[in-house]
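Trainee: Residue numbers (UniProt numbering), protein chains in the order written: chain A, 1 to 168; chain B, 1 to 183; chain C, 1 to 145; chain D, 1 to 144.
No lab work stands behind these hints, which were simulated from the structure alone.
Misleading hints may appear alongside valid ones.
Said to hold, decoys possible - Straight-line alpha carbon distances no greater than 30 angstroms define the calculated DSSO-like cross-link-like pairs of lysine-lysine that follow:
{"id": "1", "chain 1": "C", "residue 1": "10", "chain 2": "A", "residue 2": "161"}
{"id": "2", "chain 1": "A", "residue 1": "161", "chain 2": "A", "residue 2": "37"}
{"id": "3", "chain 1": "D", "residue 1": "117", "chain 2": "A", "residue 2": "37"}
{"id": "4", "chain 1": "D", "residue 1": "117", "chain 2": "A", "residue 2": "144"}
{"id": "5", "chain 1": "C", "residue 1": "10", "chain 2": "A", "residue 2": "144"}
{"id": "6", "chain 1": "A", "residue 1": "37", "chain 2": "C", "residue 2": "79"}
{"id": "7", "chain 1": "D", "residue 1": "117", "chain 2": "B", "residue 2": "14"}
{"id": "8", "chain 1": "D", "residue 1": "19", "chain 2": "B", "residue 2": "66"}
{"id": "9", "chain 1": "C", "residue 1": "101", "chain 2": "A", "residue 2": "56"}
{"id": "10", "chain 1": "B", "residue 1": "147", "chain 2": "D", "residue 2": "117"}
{"id": "11", "chain 1": "C", "residue 1": "79", "chain 2": "A", "residue 2": "56"}
{"id": "12", "chain 1": "B", "residue 1": "36", "chain 2": "C", "residue 2": "10"}
{"id": "13", "chain 1": "A", "residue 1": "56", "chain 2": "C", "residue 2": "18"}
{"id": "14", "chain 1": "A", "residue 1": "82", "chain 2": "C", "residue 2": "79"}
{"id": "15", "chain 1": "B", "residue 1": "36", "chain 2": "A", "residue 2": "144"}
{"id": "16", "chain 1": "D", "residue 1": "45", "chain 2": "B", "residue 2": "147"}
{"id": "17", "chain 1": "B", "residue 1": "36", "chain 2": "A", "residue 2": "37"}
{"id": "18", "chain 1": "A", "residue 1": "82", "chain 2": "D", "residue 2": "117"}
{"id": "19", "chain 1": "D", "residue 1": "35", "chain 2": "B", "residue 2": "147"}
{"id": "20", "chain 1": "A", "residue 1": "56", "chain 2": "C", "residue 2": "10"}
{"id": "21", "chain 1": "A", "residue 1": "161", "chain 2": "C", "residue 2": "42"}
{"id": "22", "chain 1": "B", "residue 1": "66", "chain 2": "D", "residue 2": "117"}
{"id": "23", "chain 1": "B", "residue 1": "36", "chain 2": "D", "residue 2": "117"}
{"id": "24", "chain 1": "C", "residue 1": "101", "chain 2": "C", "residue 2": "10"}
{"id": "25", "chain 1": "D", "residue 1": "45", "chain 2": "B", "residue 2": "66"}
{"id": "26", "chain 1": "A", "residue 1": "144", "chain 2": "A", "residue 2": "82"}
{"id": "27", "chain 1": "C", "residue 1": "123", "chain 2": "A", "residue 2": "161"}
{"id": "28", "chain 1": "C", "residue 1": "79", "chain 2": "A", "residue 2": "144"}
{"id": "29", "chain 1": "C", "residue 1": "123", "chain 2": "B", "residue 2": "36"}
{"id": "30", "chain 1": "C", "residue 1": "101", "chain 2": "A", "residue 2": "82"}
As a plain string of letters, each chain reads:
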Amino acid sequence: MIGRSERMCSAACLELMHAEMVSYFLSARETRESAQKEMERLGFRVGQKLAERYTKDYGRITEPMEVLRFIFSDFWPVVFSKPPDSLTTNNNSLYYIEDTDFRWTSKISVTSRTTLEDASYFLTFPCGIVKGAFAALDVDADVKADFQETPSRCLFTIIFKGKAIPTR
Amino acid sequence: MANFARSGEMAFLKADKINSEIFSLTYGAMVAQIMKDYEDIEEVNRQLDRMGQNIGSRLIDELFAKTGIPVSSNFMETAEVIAKVGFKMFLGITANVVNPTPQQYSLTFRDNPMVDFVELPDNCANLRYCNLLCGVIRGALEQVQIKVECHFVRDMLRGDETNEIQVRFLEQVRESALDQSFA
Amino acid sequence: MINCVAVVGKSNAPLFLKTYHVPETLKFHYTVHTSLDVVEEKCTIRAPSSTVSTPQDMYLGLLYPTEEFRIYGYITATKTKFIVVTDDVDVRSPLMEQFCKNLHTLYVNMVCNPFYAIEQEQKIESPVFIRQVEQLVQRFNEGSR
Amino acid sequence: MTIFNFLIFNPSGLCLYFKEFPAATSSKNNPDSWKLMYGLLHGLKGFSQFMAPRPSPSGRYLRCLSTHEYKLHCFETATCVRFVISTDPRTPDLHDQLATIYNTLYVEYVIKNPLYKLGDRIDCELFVTRLDSYLRSLPCFASS
Numbered sequence: 001m002i003g004r005s006e007r008m009c010s011a012a013c014l015e016l017m018h019a020e021m022v023s024y025f026l027s028a029r030e031t032r033e034s035a036q037k038e039m040e041r042l043g044f045r046v047g048q049k050l051a052e053r054y055t056k057d058y059g060r061i062t063e064p065m066e067v068l069r070f071i072f073s074d075f076w077p078v079v080f081s082k083p084p085d086s087l088t089t090n091n092n093s094l095y096y097i098e099d100t101d102f103r104w105t106s107k108i109s110v111t112s113r114t115t116l117e118d119a120s121y122f123l124t125f126p127c128g129i130v131k132g133a134f135a136a137l138d139v140d141a142d143v144k145a146d147f148q149e150t151p152s153r154c155l156f157t158i159i160f161k162g163k164a165i166p167t168r
Numbered sequence: 001m002a003n004f005a006r007s008g009e010m011a012f013l014k015a016d017k018i019n020s021e022i023f024s025l026t027y028g029a030m031v032a033q034i035m036k037d038y039e040d041i042e043e044v045n046r047q048l049d050r051m052g053q054n055i056g057s058r059l060i061d062e063l064f065a066k067t068g069i070p071v072s073s074n075f076m077e078t079a080e081v082i083a084k085v086g087f088k089m090f091l092g093i094t095a096n097v098v099n100p101t102p103q104q105y106s107l108t109f110r111d112n113p114m115v116d117f118v119e120l121p122d123n124c125a126n127l128r129y130c131n132l133l134c135g136v137i138r139g140a141l142e143q144v145q146i147k148v149e150c151h152f153v154r155d156m157l158r159g160d161e162t163n164e165i166q167v168r169f170l171e172q173v174r175e176s177a178l179d180q181s182f183a
Numbered sequence: 001m002i003n004c005v006a007v008v009g010k011s012n013a014p015l016f017l018k019t020y021h022v023p024e025t026l027k028f029h030y031t032v033h034t035s036l037d038v039v040e041e042k043c044t045i046r047a048p049s050s051t052v053s054t055p056q057d058m059y060l061g062l063l064y065p066t067e068e069f070r071i072y073g074y075i076t077a078t079k080t081k082f083i084v085v086t087d088d089v090d091v092r093s094p095l096m097e098q099f100c101k102n103l104h105t106l107y108v109n110m111v112c113n114p115f116y117a118i119e120q121e122q123k124i125e126s127p128v129f130i131r132q133v134e135q136l137v138q139r140f141n142e143g144s145r
Numbered sequence: 001m002t003i004f005n006f007l008i009f010n011p012s013g014l015c016l017y018f019k020e021f022p023a024a025t026s027s028k029n030n031p032d033s034w035k036l037m038y039g040l041l042h043g044l045k046g047f048s049q050f051m052a053p054r055p056s057p058s059g060r061y062l063r064c065l066s067t068h069e070y071k072l073h074c075f076e077t078a079t080c081v082r083f084v085i086s087t088d089p090r091t092p093d094l095h096d097q098l099a100t101i102y103n104t105l106y107v108e109y110v111i112k113n114p115l116y117k118l119g120d121r122i123d124c125e126l127f128v129t130r131l132d133s134y135l136r137s138l139p140c141f142a143s144s
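So that you can see chain A by itself, here it is in the shape it has in the complex (with noise of 0.2 angstroms):
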């Protein structure tokens, strides 16, 4: 298990920097799309950077499996804050994980001048971090996020490029 890190800080105060960081490239990239590009760079930076962290005392993962575990178990309730509910698979390269309560988007409801599609820019950065994390363990994976009805239920989707991850 990751601990927690001596230095805790309130999430309040990552929440409304993240609106922000939002907001920020939403407005200085002429398009919509090169925001979310951006932020999913940034997210994969940051996301290389905690796995660099997490993983001191943890080993050393050698198997794509064991990445996946580690993601799902390990990395994820430290850094969106819960457990996620589940993960699935159809097929050898495609997983899905399931958060009901996702904290980074939990909090967000559209208002009558939003739309879910607004909302859905704060899932960018969360899944450049996913990916960040994969990448960092040598897993070359692609990861997209839907809202299931609401911006608290979401749905990762997690795409394996290169060499399957077979199933046990």
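Use these hints to put chains B, C and D onto chain A, whose structure you have.
Mentor: Relative to chain A, chains B, C and D alone:
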């Protein structure tokens, strides 16, 4: 004074918390990106301040809601609230209030999770890496009808022995002014 | 006495190499480079008792000896390699393992600097890291004397 | 006992949120009645401050206003946002419940909702639904 420290402590204990590196890495990645976006370091400082202001204007409600500390619109009193309650409940650290006067005070602190692991590159002599904090303070006080000016005068990332944020009183927005907007 | 510490990135790019008490000659670069093959070899062998699900040790122990040196290796979960070259004939392995673990901590902290481009496997130029590694080496060398 | 309506005012007196319950037979759903109510609250605040025998340590003065037909319960935050609920006069003080609404609903689902722009009308889905179920769960609501 002591009860402010206690309120901050209690609020921090009760709050939803995350490992501080998640916060500091996210902030760091954002600062590094803004520095790429703007050649002018002063503009980077302004962007960070502006983001901080937006955060502060929301964070202040979290502070009052979670601590239940009494309403204060006295400028000098806000110093203790920021130093002992705000810094504690959000960042887990406390600041000291230095030289408080009705016109201005300073907040000093050495420990700061935002800068854990940060080493500034050579090309950013004028960067105020934590300028977000100034914006947060400004934005928060604005919500309690106090307008201030806020900036870093000492910064440990630049070799100073402590961090010091100076807060200068500008004006108190009176309730009567609010009445006019209502009429 | 530790004579050389090197950090090698995921894709075998040299990130950091410093020598201590000896001039930084090509020899060390060569030694570090050769040792990577041994690291790779060692990584493919699993501890016999382990199953697929157990994380492996990062410390790889002695990679190989030469006439002058003994070369130790350590590999992180993210496949960053630390190579340590010492001229001691008899190194207490737990001490070396501890050295590598401490080096790992310093490395992780250095990586977390927001201005370090981890994805580009940027060369390590952080003065803080360089200084701290030097102190670590110094402590090790004093202890092993 | 019963709840008639619930309102939130921002510091400049704009009504950010209005909800009327079926028990209210004469509707207050128009900007003029909101202005009237805000003006009254604002005036009462000054008056209660003026009448106080000593300064209130919490900085708050006005809790409720009671008449034969209704009772207004008020809660003002440090940021000058006012929460108001109007009920049957026999309803006990709802000050704490308003504080709970501020604390667990307004801050969490309005303030921390990045899709909500400060100062806008409050129509965040999560806030609206949770507020509604919270108000309906109050004892004074059920017994109407």
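Trainee: For every hint, state whether the structure bears it out.
Mentor: Evaluated hints:
1. C:10 x A:161: 18 angstroms, holds
2. A:161 x A:37: The hint holds at about 19 angstroms.
3. D:117 x A:37: 25 angstroms, holds
4. D:117 x A:144: 27 angstroms, holds
5. C:10 x A:144: It holds: about 25 angstroms lies between the C-alpha atoms, which stays within 30 angstroms.
6. A:37 x C:79: 26 angstroms, holds
7. D:117 x B:14: Holds - the C-alpha atoms of residue 14 of chain B and residue 117 of chain D are around 27 angstroms apart, at most 30 angstroms.
8. D:19 x B:66: 26 angstroms, holds
9. C:101 x A:56: Satisfied, since the Cα-Cα distance of roughly 9 angstroms is no more than 30 angstroms.
10. B:147 x D:117: Holds, because 21 angstroms separates the two Cα atoms, which is no more than 30 angstroms.
11. C:79 x A:56: Holds, because 11 angstroms separates the two Cα atoms, which is no more than 30 angstroms.
12. B:36 x C:10: Roughly 26 angstroms separates the two Cα atoms, so the pair holds.
13. A:56 x C:18: 23 angstroms, holds
14. A:82 x C:79: 28 angstroms, holds
15. B:36 x A:144: Cα-Cα ~26 angstroms, so holds.
16. D:45 x B:147: Holds: residue 45 of chain D and residue 147 of chain B sit about 23 angstroms apart, inside 30 angstroms.
17. B:36 x A:37: 15 angstroms, holds
18. A:82 x D:117: At roughly 28 angstroms apart (the allowed maximum being 30 angstroms), residue 117 of chain D and residue 82 of chain A satisfy the hint.
19. D:35 x B:147: 27 angstroms, holds
20. A:56 x C:10: 15 angstroms, holds
21. A:161 x C:42: With a Cα-Cα distance of about 26 angstroms, the restraint between residue 161 of chain A and residue 42 of chain C holds, given a limit of 30 angstroms.
22. B:66 x D:117: 22 angstroms, holds
23. B:36 x D:117: Holds: residue 36 of chain B and residue 117 of chain D sit about 28 angstroms apart, inside 30 angstroms.
24. C:101 x C:10: With a Cα-Cα distance of about 18 angstroms, the restraint between residue 101 of chain C and residue 10 of chain C holds, given a limit of 30 angstroms.
25. D:45 x B:66: Holds, at roughly 24 angstroms.
26. A:144 x A:82: 19 angstroms, holds
27. C:123 x A:161: Roughly 28 angstroms between the alpha carbons, so the hint for residue 123 of chain C and residue 161 of chain A holds.
28. C:79 x A:144: It holds: about 25 angstroms lies between the C-alpha atoms, which stays within 30 angstroms.
29. C:123 x B:36: 20 angstroms, holds
30. C:101 x A:82: 29 angstroms, holds
Of the numbered hints given earlier, the model fails none.
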